[in-house]
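Undergrad: So the chains spell out like this:
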Amino acid sequence: MSKTDEPEPEEEAADVSLAEEANPVEWEEAANNQKDPDERRTVSKREEKDDARKIVTGEAKYAADYAPEFPDLAGSKIVRSDIPHGRVTDLDTSAAESMDGVYAVLTPDSPEVPDKRYTSAGQSYPEPSPWDMKVLREKVRFVGDPIAAVAAEDAETASKAARKINVSYEEYDAVFDTEAAMQPDAPQIHDGDDVENVQSGADYERNIEAHSEGEIGDVDAAFEEAEQRDDLTVTETEWETPYQSHCVPEPHTVIAHRDEDNRHHLIASTQVPYHTRRQLAHLFDIPIRDIRVSKPRIGAGFGSKQGMQIEPIALALSEAADRPVMVETTRREQFHAVRNRRPARVSVKSVVSDDGDIEALDMAAVTNSGAYGPHGMTVASAVGKKPLPLYTHTPNIRFQFDAVHTNLPIAGAIRGYGAPQGHLAIEGHMDEVAHELDIDPIELRSRNAISEGDLDVASGILKEKEYGRRIRSCGLRECVAEGRAAIGWDDIEQPDADHLHRACGMALTIQSSGVPGDELGAAHIKMNEDGSFILQTGAVDIGPGADTVMAQIAAEVLGVAPEDVLVQPSDTDISPFDHGAYASSTTYVTGQAVKKAAEDAREMLFEFASRMLDEPESAFKIDEDGAVSERTGESVSLEEIGYESMYGDEVRAHVMGDASHCTEESPPPFGAQFVDVTVNEETGEFEIHDMVYAVDCGVALNPDLVEGQIEGAVHMGYELATGDGITFDEDGQPEVLSFRDYDMPTTGDQPPITSRIVETHEPTGPFGAKSVAEIPVNGVSPALSNAIRRAVGARVTEMPVTAEKIKAALDEK
Amino acid sequence: MSQAGTEIHLTLNGEDVTFEAARSDTLLDVLRDNSYTGAKRGCDTGDCGFCTVVVDGDPVKSCIRPAAQLDGAEVETIENLGTQDSLDPLQSAFVDNAALQCGFCIPGMIMRSKVLLEENPDPTEAEIREALSENLCRCTGYEKIIDAVQDASSRMADGADVAADGGRLPDEQGCPGCDCHDGGAER
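If you read the sequences in order, they're chains A and B. When the first sequence is numbered by my numbering, its final residue is 813 and no position is left out of the sequence of numbers. When the second sequence is numbered by my numbering, its final residue is 1187 and no position is left out of the sequence of numbers.
No wet-lab data here; the hints were simulated from the structure. Glycine included, every Cβ here is placed at the ideal spot set by N, Cα and C. Among these hints, one or two may not hold up.
[Claimed, not checked] Quick look at which bits of chain A chain B covers, simulated, 3 or more residues with Cβ under 8 angstroms:
#, segment
1, 53-63
2, 296-303
3, 535-544
4, 625-637
5, 732-741
Given these sequences and hints, build the entire structure.
TA: See below:
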């Protein structure tokens, strides 16, 4: 697929030589990491999800289900700004405070409420997000800013009290559009002097939270050359996506209380227990040792819970009320006051030769951060640096972004993390180029796309230092072939009616596996007498089945069944450290820590087996009989070792293993999205017959769970492509505040999804695995837009795709 | 509850119970206040279906059903189905088809599916999609959930011979087709 048939110009080779050398194709892989399918005991098997039985019996406990354990638990209500921009001039809480059953009313001036600035983004330290918010806010910047909070004997009483709080505002002009927000006369949303930990390129007078740009080669020169030459075609496109809600099933929920040791304990629906602990310690000036964050079952996250949003309010309320407090957000708050996918406008310009070689790509993104900056810089960066590696061979690439504030809800992290917005632009653009040049769209991509052995430099486009990422596994071509066959790309039959037209569209997709050089995962495993194990990791299972996969990895090393590895849920008092569930990192990063910890424990097993059978340690291997001597065939079971290790006559030592894992590697998974659609050229109405997604996630450690990730992410991608998202009136008031108003697909309108797994082997991943949780969300918007373009010649560039937009595009032709 | 309460008498999962309820309490409030936490609170507006329970044989969004109206009603919740050691065939089908991820929607989804299969033991895919269309799921794209309900339908049909006498099996005999319950001495 790569353009290896053309000799590289010398100076270009010199540019990347250091990165080439630093990232050789060869990888020193442990012999046990690569197993043929028939050698695998539990990895790549459809093992039952470890929490499945308690989920179907209703016994799985989510944060709110712990309420009955706290007889004196208070309910709560957060009072939120109902204007988009202004200052609270008066907050009269007297009526609320005098109500029966009200325990505490907090305002920004309350002693329990920290006055410090922080970011809600649950990221590494120091966070690559500006510290621009306070727990309760006097200056308000969107409809939904928290300004006060009430704790009372139950949530209903708290809500009644909250309604009695009288808020007076001084209102400011507000701005809701990113282009308008960057104008010199636009209302200024943040005073730069009030922001700490400012991100690169910030210009708060123009409401710019962050700006950056990077270039490979010489893009301007490539466009100048294209003007002179007939065999080079310049194509320009522009794309747009709306606000999207995560629609997490479980609303954000926290119970905060003091435990019997007088420590602060939070039972929180969070993806980032350790980051939350650190950020709470900073905000409240409490030693880290006095805070415990435990994660029960989580009703999904998708990035929504990669942030500390209600935890500080819960902690402050429990201090003020001097009793346990539960903060449970409403669905209404979930839609406008928690976090969303940020809208983006992305433009792409390219130079492509008549043969279909891409000579230059020039991409620019403007993202709408909303009122505050969590994840603003990093998501805006990802709009370019995630999809561009698909075409890293392009000699001239430029990317720039502006992350811009408006008086709209706060954007945050959400599945795909900027990549869906970027994929719409790049993969939509590719089909426009193919159309311009009259080249088959798959052929155009095959000619230019990345492949195994390549050095990806495009993902480092915003880095100052020379950067390269070696691609050691890439099943992109196989995914295209698999998806093409499954959707019937070559066998589409046109409907009988003349006004109906059917076609397939496709898009390539790519993501990463963790944040390279940043994320740390750790694991501790200990054996019980009977040869079963308890595994403690900081891996935060928020629903996809991370705990199950961790058990499979440990079980594969230790020769036991996965149900013999009990995985304890993430808890900062118990689990080894972990950055948390985000960036598609858990299987790849924490999974490798689990593998190493299990191998560490296996060493101890062999020490005991050696003494028990009088054979050298090096003679042993693990199989289902336990530790087996490869010389004599004699074996000793794990149970025998378990009892010997704890009660034996010779040496007593607990069989345990520990390990950490942090890596510069972040191998991309790859995939191909296909959509089969029929369009009515008279009305613009369309029907999707099938959405096929084929993924290369290395070795799929649990195919059931991988298919689940594909199907759920394609569902979410389909909604991004066809749903209205969250809309606002001209005063910045959200128009979508319930599931009834939001276009989340139901069983009645969700088109079928077909998932395909293309196995490759990633030598740097645990048993060959890469990530899969985010990548399948990236491709539906471009594949659907491309399918409609191929069916009736109408191009919809602004999501959502609607019949009206198709009709309008057809009328324009 | 602080407000002037009233007593509600229900048949809950086959047992007569009496709960205190405030006038504004919904059935979901009363269930969860009394530690029946299987039904989940997802919206409080009757739009997500996570709180679905069965009232007098019908699937009901318990978050919008006033408790005070339910005096004398027969209510069934997820807690009445099988146990982890002995799942009912519908629950087994969800487990075996990996039809769950975060699980927050699943108790409601199972209760809704239970009513569907009682009313229509052999539903088509379109009928399943129609019946479940008020129960949202954000994790699965619904693919495996629909598989699970179809699978449950065939499991229950396979078990129909033994279920014809009210679901009881001859003493000491396990159910061959599924793990609906151990032995036959159900009481």
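Undergrad: Where does the structure disagree with the numbered hints, that is, which hint numbers, in rising order?
TA: Structure breaks hint 4 only.
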